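A.B. asks: Here is what each chain is made of, one letter per residue.
2 protein chains.
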Amino acid sequence: MRFTVTYRIRAGDLAEARARADAIALEQTVEIPRAVVPPGYIEDEILGRVEETGTLSEGVFQAKISYSPDSAGEEFSQFLNVVFGNSSIQQGIRVTGVEPGETMLARFPGPRFGIKGIRARCGRATGGMIAPVLKPMGQPPAAFAALAAGAVRGGADIIKEDHGLAGQAAAPFEARVEAVAQAVAKANAEYGRSVIYIPNLSGPADQIEARLRFAKEAGAGGVIVMPGLLGFGLVHRIAQDAGLDLPVMTHPSFLGPWVLSPDTGIDHGVIFGTLQRLAGADISVFPNVGGRFGFSAPECLQIADACRAPDGPGAAMLPSPGGGMSVERAADMVRMYGQDVVYLLGGSLLADPPNIHLAVSAMRKAVDAAES
Amino acid sequence: MRFTVTYRIRAGDLAEARARADAIALEQTVEIPRAVVPPGYIEDEILGRVEETGTLSEGVFQAKISYSPDSAGEEFSQFLNVVFGNSSIQQGIRVTGVEPGETMLARFPGPRFGIKGIRARCGRATGGMIAPVLKPMGQPPAAFAALAAGAVRGGADIIKEDHGLAGQAAAPFEARVEAVAQAVAKANAEYGRSVIYIPNLSGPADQIEARLRFAKEAGAGGVIVMPGLLGFGLVHRIAQDAGLDLPVMTHPSFLGPWVLSPDTGIDHGVIFGTLQRLAGADISVFPNVGGRFGFSAPECLQIADACRAPDGPGAAMLPSPGGGMSVERAADMVRMYGQDVVYLLGGSLLADPPNIHLAVSAMRKAVDAAES
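Residue numbers (this note's numbering), protein chains in the order written: chain A, 1489 to 1860; chain B, 1489 to 1860.
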């Protein structure tokens, strides 16, 4: 069964839009002129197929193009390469939908844990989840460990590292992950909690595998992956590893330009929802409305809807709006996102680091109050 | 020594631009409000520093922000994360320059081979180089091997795989690379040439290392990396490996939105020139003016200039315009790019695959004639 990509296309008229769609179907597969496409298997199966084209509004059209699973093979990065590799460099083409179809879904079955699995690991059956962020960079491992212990005490569900914590000399990956994992385990035991700690996976390309195993063995409860910097294939590789059995949280760093122009790139819900879910992320971080970034409420809801759509692809995952959350805004956020959500809590918790438990606890109470 | 990033910023006035620059300096490093930045090392060293701001034109400003090498550490992906990770998600900010400075240059020294090294390996001391592309996907290894042998016979300098050749069942990576490498070696011996074969590096994230070693052992003369899909860190990892000793060609797939809007993303010359060069690419592929993509001549020249700038970073590398090259346009292209360039030759060679040597030879003659 072929997979289908929906493109929104700028063109002067429907005929031009159809010509652009034909060009996309060539570009994303055989990448040669139509006249020299070899007959048989390549023309009949490999070549992208324009299934339908239509008009959305003046100068704006839509095309659905289907592709053979054979063109993508088993590799998630190659799947994205077919979806929008070279055509991403064209003006006036935006991906607005990706339907994997049964064959690709069997290869990319989606989140290993999803909402249910993450809730089970954190021990929070219902209600919005809160995830304090360990930062700023430049501190030693012990400082992050102390923040993490305070966050457990205060009622966190997940402890997330800042995406900027990498291999800095002040807190190298291994030393930091070990110290924080131990602090979280100790605090979990002390307060009877099951908070999961999610370090930021980073490193030279040939050390990512070793760091992944290190994090698992040190007791991390998941990893953050930045697909913009490390590739979506890494998300898929982790999600499909039953032995590793490690949740993945994806972070939007270095993905900004994909969504910022309405005429190019990929829709918010597709790149931060559908594609993350298909790659196998359990939690997708995105910039929240009202925070430091300019996403609108409809854009954020498009992402949340794609993360949680009951018809897939794969298990429903947790949207995780970052920024813009506060005690004062908790009621608004609960109204907007409902309960299956992970709120990132950043700089607002750090006014008084030794008392971070009070700030986390205040946020927990605000979310609980808004939900009751 | 700190590294410096130049940002072009949209703002209502200079005061607002300065405020945006201050926000970038925070966002890219500590990611917490200014008021809670810990004094000492973090405030003095880690925090980004706005070095200067100025007005470019009405509503358009420029800021230079310096960052500590400590914030990036030794990892190229983390370096990019500091350059533009989260701020890439802001409207109205574009990276227009990256100056690594001595400290980062020692960590990221640039291309291992560069123009001189690639010329030495190909045995072409002067003149534009030509690189036929093996495609379309869907063919068996023997078909690619036959095309490659014909391209050697015709006078190719480099044989490049299409970026869409991955692990498809019709031509799995190992079988394909082995078949083509053998065909190129045999043709090189037969025709007294030293054409290098550059397969497309692909695969599940945890098999990239094995495929890299396989390619090397099979006799590949380099690898293509798509940083948009596999990460810039992979380019750096390969370039810095003296034992592997393998040239890297980078491909722009899945990087389109970075350049398409003038108000966001990263300038053409920076993302396809400076950053590829700093990562260690020896050859940077980009869409040529007059081809299927909309890059202008000034945009293409900005890339070529950044690839070959005599003052670095690191050794000069080869710009490789893809598309838009033909016997008819050869004189124009030679006038535009000079001699230190690799022309990709794609679908235009495939009208008569068994006689690809004639098409390659015609292109070689056209380039030679234009240069003489």
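Derived from the structure by calculation, the hints contain no laboratory data.
Some hints here could point you the wrong way.
Simulated restraints on C-beta separations [unchecked claim]:
#	chain 1	residue 1	chain 2	residue 2	range
1	A	1682	B	1522	33 to 39 angstroms
2	B	1856	A	1731	53 to 59 angstroms
3	B	1503	A	1816	50 to 56 angstroms
Think about it this way: if two alpha-carbon atoms lie no more than 20 angstroms apart in a straight line, the pair counts; the simulated EDC-like pairs of lysine to aspartate or glutamate are [as the list claims (entries may be wrong)]:
#	chain 1	residue 1	chain 2	residue 2
4	A	1704	A	1733
5	B	1552	B	1501
6	A	1704	B	1694
7	B	1704	A	1733
8	A	1552	A	1587
9	B	1704	B	1662
Beyond 10 angstroms from chain A on every Cβ pair, some chain B residues (computed) [what the hints assert, rightly or not]:
#	residue
10	1526
11	1597
12	1824
Just so you know, these numbers come straight off a predicted model, no measurement behind them.
C-beta: ideal position from N, C-alpha, C; glycine also.
A.B. asks: Give a verdict on every hint.
C.D. replies: Hints versus structure:
1. Remark: the range hint 33 to 39 angstroms for residue 1682 of chain A to residue 1522 of chain B is upheld by a beta-carbon distance near 35 angstroms.
2. Separated by about 57 angstroms at the C-beta atoms, residue 1856 of chain B and residue 1731 of chain A satisfy the suggested range of 53 to 59 angstroms.
3. Checked against the given bound of 50 to 56 angstroms, the beta carbons of residue 1503 of chain B and residue 1816 of chain A, roughly 28 angstroms apart, lie outside it.
4. Distance hint between residue 1704 of chain A and residue 1733 of chain A is fulfilled; the C-alpha atoms sit about 9 angstroms from each other, no more than 20 angstroms.
5. Our distance criterion of 20 angstroms between C-alpha atoms is met by residue 1552 of chain B and residue 1501 of chain B, whose separation comes to about 17 angstroms.
6. A hinted pair counts as satisfied when its Cα atoms are at most 20 angstroms apart, and residue 1704 of chain A with residue 1694 of chain B qualifies at roughly 16 angstroms.
7. The hinted pair formed by residue 1704 of chain B and residue 1733 of chain A fails the criterion: a straight-line CA distance of about 33 angstroms is larger than 20 angstroms.
8. The suggested pairing of residue 1552 of chain A with residue 1587 of chain A holds, with an alpha-carbon distance near 10 angstroms, which does not exceed 20 angstroms.
9. A C-alpha spacing of about 11 angstroms is found between residue 1704 of chain B and residue 1662 of chain B, which places the hinted pair at or below 20 angstroms, so the restraint holds.
10. Listed as a non-interface residue, residue 1526 of chain B fails to keep its Cβ farther than 10 angstroms from every Cβ of chain A; the least gap is roughly 7 angstroms.
11. Every beta carbon of chain A lies more than 10 angstroms from that of residue 1597 of chain B, the smallest distance being close to 15 angstroms; the non-interface claim holds.
12. Listed as outside the interface, residue 1824 of chain B is consistent with that label: its C-beta sits roughly 19 angstroms from the nearest C-beta of chain A, beyond the 10 angstroms cut-off.
Comparing the model with each earlier hint shows violations of hints 3, 7 and 10; every other hint is respected.
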